[in-house]
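Enquirer: Here is what each chain is made of, one letter per residue.
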Amino acid sequence: MSILSRLSLHGFLALAVTAGACGAALAADPIRIGEINSYTGLPAFTIPYRQGWELAVAEINAAGGLLGGRMLEVVSRDDGGKPEDAVRTANELIANEKVALLTGTYFSHIGLAVADVAARNKVLFLAAEPLTDAIIWSKGNPYTFRLRPGTAMQAGMLVDDAAKLSARRWATVAPNYEYGQAAVAAFKEKLKAKRPDVEFVAEQWPAQGKIDAGATVQALAAAKPEAIFNVTFGPDLAKFVREGTTRGLFDGRAVVSLLTGEPEYLVPLKDEAPEGWIVTGYPWDQVKTPEHVGFLTAYRNAYNDFPRLGSVVGYTAMKTIAAAIAKAGSTDTPALVEAMKGLSVESPFGIITFRAGDHQSTMGAFVGTTAVKNGQGTMIDWRYADGAAFLPPEDEAAKLRPAE
Amino acid sequence: MSFLLAQFLSGLAQASSLFLVASGLSIIFGVTRIVNFAHGSFYMIGAYAACWVALTVDSAAGFWGGIAAGALAAGILGAVMERGLLRRLYRSPELFQLLATFGVVLVVQDAVLALWGPEDLLGPRAPGLTGRVRLWGQPVPLYDLFLMVLGPVVFAGLWLLFHKTRWGVLVRAATEDREMTAALGVNQSHLFTAVLFLGCLLAGLGGALQIPRGSVNLHMDMAMVVEAFVVVVVGGLGSVGGAFLAALLIGQLQAFGILIFPEITLVLVFLVMAVVLVLRPYGLLGRPPVEARGGEAGPVLRPAPPWAGWMAAGGVAALACAPLVAGDYALLVLTETLILVLFAASLHLLMGPGGMVSFGHAAWFGLGAYAAALVFRHLGLGLAVGLPAAPLLAAAGALVAGWFCVRLSGVYLAMLTLAFAQILWSVAFQWTAVTGGDNGILGVWPGGPFAARWAYYELTLALVVAGVVALRRVVFAPFGWTLRAGRDSPLRAEALGIDVRRHQWMAFTAAGAFAGLAGGLDAFAKGSVFPTHLDISTSVDGLVMVLLGGVQTLAGPLVGAVVFHGLETEMLRHVPYWRAVLGGIIIVLVLAFPQGIVGALSHRFGRSRDS
Amino acid sequence: MTVLSVSGLAKAYGGVQAVRGVSFTLAAGEMLALIGPNGAGKSTCFNMLNGQVRPDAGSVKLLGREIAGLPPRAVWRLGVGRTFQITATFAAMTVVENVQMALLSHHRRLLGWWRPAARLYRDEAMALLERVGMGAQADRPAAVLAYGDLKRLELALALANGPALLLMDEPAAGMAPAEREALMRLTASLAREQGVAVLFTEHDMDAVFAHAHRILVMHQGALIAEGTPAAVRADPQVQAVYLGSGALFGGGAA
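Residue numbers (our numbering), protein chains in the order written: chain E, 46 to 449; chain L, 13 to 623; chain V, 100 to 353.
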């Protein structure tokens, strides 16, 4: 999509949202939602996300708003990819903008930082995208809920398929920070549990965004693994795939890869997308459930573009907020927190539930195999893996959380 | 064995890419003494432009034409930057151009985003070079072989240019001695434009040649610029041969480093740089810079007149009353601004009176913040212990690093401080058990009497005012004089019985302590500490504040901190392309106030009084 | 009393013998000139005497104490003042602050962190400036001084520690003739009245022959003559070295 059309669409939507808000102001005060994300730090992921929630807001307000005609008004802020800016901005939204609750964030550390501010100020925070499981478990707090399936869930979804492979010698490659470390640890533990005969023969930990792909591929190949578990993503993944393909790393080896099936990562690879990798992701063009088709149509009509996974998350986050407010019947934090527990929301992926025990939603992901069709990477043989199946029982999960 | 050879070749290909970018940076610095912080931006421009052409013209001609177009685009924009911006700043204090190029970095980031969108672009592979050959049974990509050949070819080309053409000889002469070249009647202005063109062209070429290796993305600039600086400094500033050698060294270190200790990739290059600089203070092939004589001296520092003191006291009193009117968020912003004022003032002690530029001052800010947070988290002790621990740990760290750093000068010193900051950063980033890794340490809130935001604000105000007053007194006290003497003329200072290094070392430690106090205050103000506290961007923010306000005045860094933080927080909140706007404002300020804001003001008002 | 005694001083730079086996002594109150054509090794010699350059061989004794190899700051503390061929002053400080700085160092008051330095030793500094005729310029920045004034400031700096030995590398270069004469007279009076031993180099032969008690002549790193001005002037070797330049006899013969 060209810049011009993107800008004008943006303006149109903003206008629609504002117009809705103006109309409602006659009836009642709008409900203000504070939203923070890394719009300049990671535009490729956060802009589809923003389009997702803007669509949801437009739909909610067009349907007459909430609590008897009050419109949703989102106060959106950029954290620039820095946790300290996110902390300040969260404070600003709470103190100055008087928002009813907070949502957003992409990076795990920023999500955790905002969660801490929310807990201290006793404000609800719906963490939309952070993958770290600390946000719901080891550093969970009473005011924070998380929508997207976390690292351990996604790794678990892949293990089912990985365990069916004949491969016994595994190598891993992951970015060297908490996300990569947690993903590798979870994958290893779950795979070992199902297949005690596997061994991990090599690990590579390239610095995020700075992979020396040629050397990394060589080093992996030298360990002669039968299968590879990959956690790299974005520019690192593109380099890894190109070098690995050129050097034949993937010839005759299974690859299991986290998130690679998400359009955010698969689309930029175009016809060079890897084939036959077992991945988690989102085959946006193939999901034919009515709830997804409805979302897809609305999204394409609004933006003349296809949704990324971030779009689904942003859309669902705002729908969750609307459902919570409707269920609570107010915007008071205690009522909202209570409403969030066990809340069921209709998402493009079907009904999801926010577990009372650990504040995690049961949103799942699609597990399948990558392929190239018509010069584009896509997923085949996929299935939807319901998040609920990959979470520990609620009472066990609750024990992972600090005492309230 | 064959595997190690293949790894070696992989390192060579990496080295070639590094060399292209670093040689341009080295040439620019060698001739113009400009620390081109925007070098990574030209690398990114080259990559995007090449990718765009190659995708638009889908053929072999499109690909190679794209490479040429990318390099040319970067070169032309580099020349434009020199003509439109840098040449107005040649008479400004050293490193002031760094501030201007920082503004360019911000503008380019948003310009590229607006032009080519947020998504990573995957360009085509090099036509005819997509395959691999087997050498000693190991697969080696053809394109790697191409790069391996190209690096030495460009090196040879540059050698011929500098040794066999009149222009090149002039450039070399200018690298040796700028004043002399000017005296020879060389048109320096054209020379500088051409050098910027050549340097940025090389950066753009380096970027363009990356297309076949991976995607083109918005983070390329920052990822490359630091590494290019490391190569240049390790090789020796201004030395193309040194850059070549250093690129080889670093390329191989990365290739083999990941075999021995995969986790070390984050910090390896900085460790190497630190070791090289400690052993060879001017890099592998660098030579001690010719002492610039007759350069513009800074103005004489004079104590503020009494009315200014009263005004400052009135200002502090007004700030102390702020909680009566300001809301919670305004107090947080004020607290943050105060902390940055102290941080900038501590950096100024180094850069102003000390004459030592630091690219890694965030090290001590972050160390202070981590000291406070670690005391809080692991010892369960609160503010009463955590806050005093902050300057202590920071001072201890600065004491160790300073011993090495004060043995260097200029950009070498600055890069060694950066190396220490990066090493600390990677410790914080990777030692998850203690520091929480990238997720940081949370919940570090002040308890007891300072739990309320207004109370903590008053505490911050008191400590920051005390710190700033102390730093100000130091400058006018014998110790500050000694530092300034050592900065103005180390030769004379030593001939007057002054141990210049020892005093610089003490100043380094003191600056570290004050920065640490700022960091400790920050930890409790925001309740959290992250590796970003130690990040390059935090160091750069400090530099920008000091330079923006004016390094040659005492009030400069304070004003710079307020202006920069004010701009940034306000921008972040309301403007979509805030980075471009911020960068544009910095560029305008730089052009309007070539001595920094306060420097320019006092220059204007001081002129009638003096001379 | 012998203040300085140098013997067998030598220094080579990459195979070029800059100074070879220089030996001489200097008594209190004596004005000793070191002359020689450009590149004769005068500055290297000076730099070895105050510790700027470490000698390859030889001994430098100050009041009987070996100082060869000590760093400049240690040599200064033992009572050696120095002026540089190209002046080295603190450009971003005023004239009087420059001298105060030297006095602060002399009195070992460098580590004060709180009390302003401006009040310390100001009178003493002013007295030194008056002596070199710079009192009127005390509050001007050093950066804006004329070259001759910088030379005088340097002399004030060199005197701040009440030196037993003054090393002056072309103290009067760049000065107008009248100024130059005044500076040399001032130096001579310091030697005469306070017994300071002065070693100086100078290109202006009028100044050398008018004020030096004794002259050393260097050529290609070695001393080729030593003696009273009259003896040196008559030395055929010296005449050969200076042949054609006219410098040596320009003033005296007229």
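Don't read these hints as lab results, they were simulated from the structure.
Do not take every clue at face value.
Unchecked claim - Distance ranges between label pairs, derived from CB positions:
no., chain 1, residue 1, chain 2, residue 2, range
1, L, R513, V, Q116, 23 to 33 Å
2, L, R299, V, A217, 32 to 42 Å
3, L, Y102, V, A217, 53 to 63 Å
4, V, Y246, L, R299, 40 to 50 Å
5, E, S183, L, R299, 32 to 42 Å
6, L, V587, E, K167, 29 to 39 Å
7, L, A445, V, A217, 37 to 47 Å
8, L, R292, V, D155, 22 to 32 Å
Ideal Cβ placement from N, Cα and C applies to all residues, glycine included.
Enquirer: Is 53 to 63 Å respected by the C-beta to C-beta distance linking Y102 (chain L) and A217 (chain V)?
Expert: The hinted range 53 to 63 Å is violated for Y102 (chain L) and A217 (chain V), with Cβ atoms some 34 Å apart.
Enquirer: Regarding R299 (chain L) and A217 (chain V), is the given constraint of 32 to 42 Å on their beta-carbon distance met?
Expert: holds, 40 Å
Enquirer: Verify the CB-CB distance for S183 (chain E) and R299 (chain L) against the hinted window 32 to 42 Å.
Expert: violated, 54 Å
Enquirer: Can you let me know if the beta-carbon spacing of R513 (chain L) and Q116 (chain V) is within 23 to 33 Å?
Expert: Holds, at about 31 Å.
Enquirer: Within 29 to 39 Å: is that where the Cβ-Cβ distance between V587 (chain L) and K167 (chain E) falls?
Expert: holds, 31 Å
Enquirer: Look at the Cβ atoms of A445 (chain L) and A217 (chain V) and judge whether their distance stays inside 37 to 47 Å.
Expert: Violated, since A445 (chain L) and A217 (chain V) (Cβ atoms, about 53 Å apart) do not stay within the stated range.
Enquirer: Please check whether R292 (chain L) and D155 (chain V) have a Cβ separation lying inside 22 to 32 Å.
Expert: holds, 24 Å
Enquirer: Holds or violated: 40 to 50 Å for the Cβ distance of Y246 (chain V) and R299 (chain L)?
Expert: Distance hint for Y246 (chain V), R299 (chain L) is violated at roughly 29 Å.
When held up to the earlier numbered hints, the structure conflicts with 3, 4, 5, 7 and fits the remainder.
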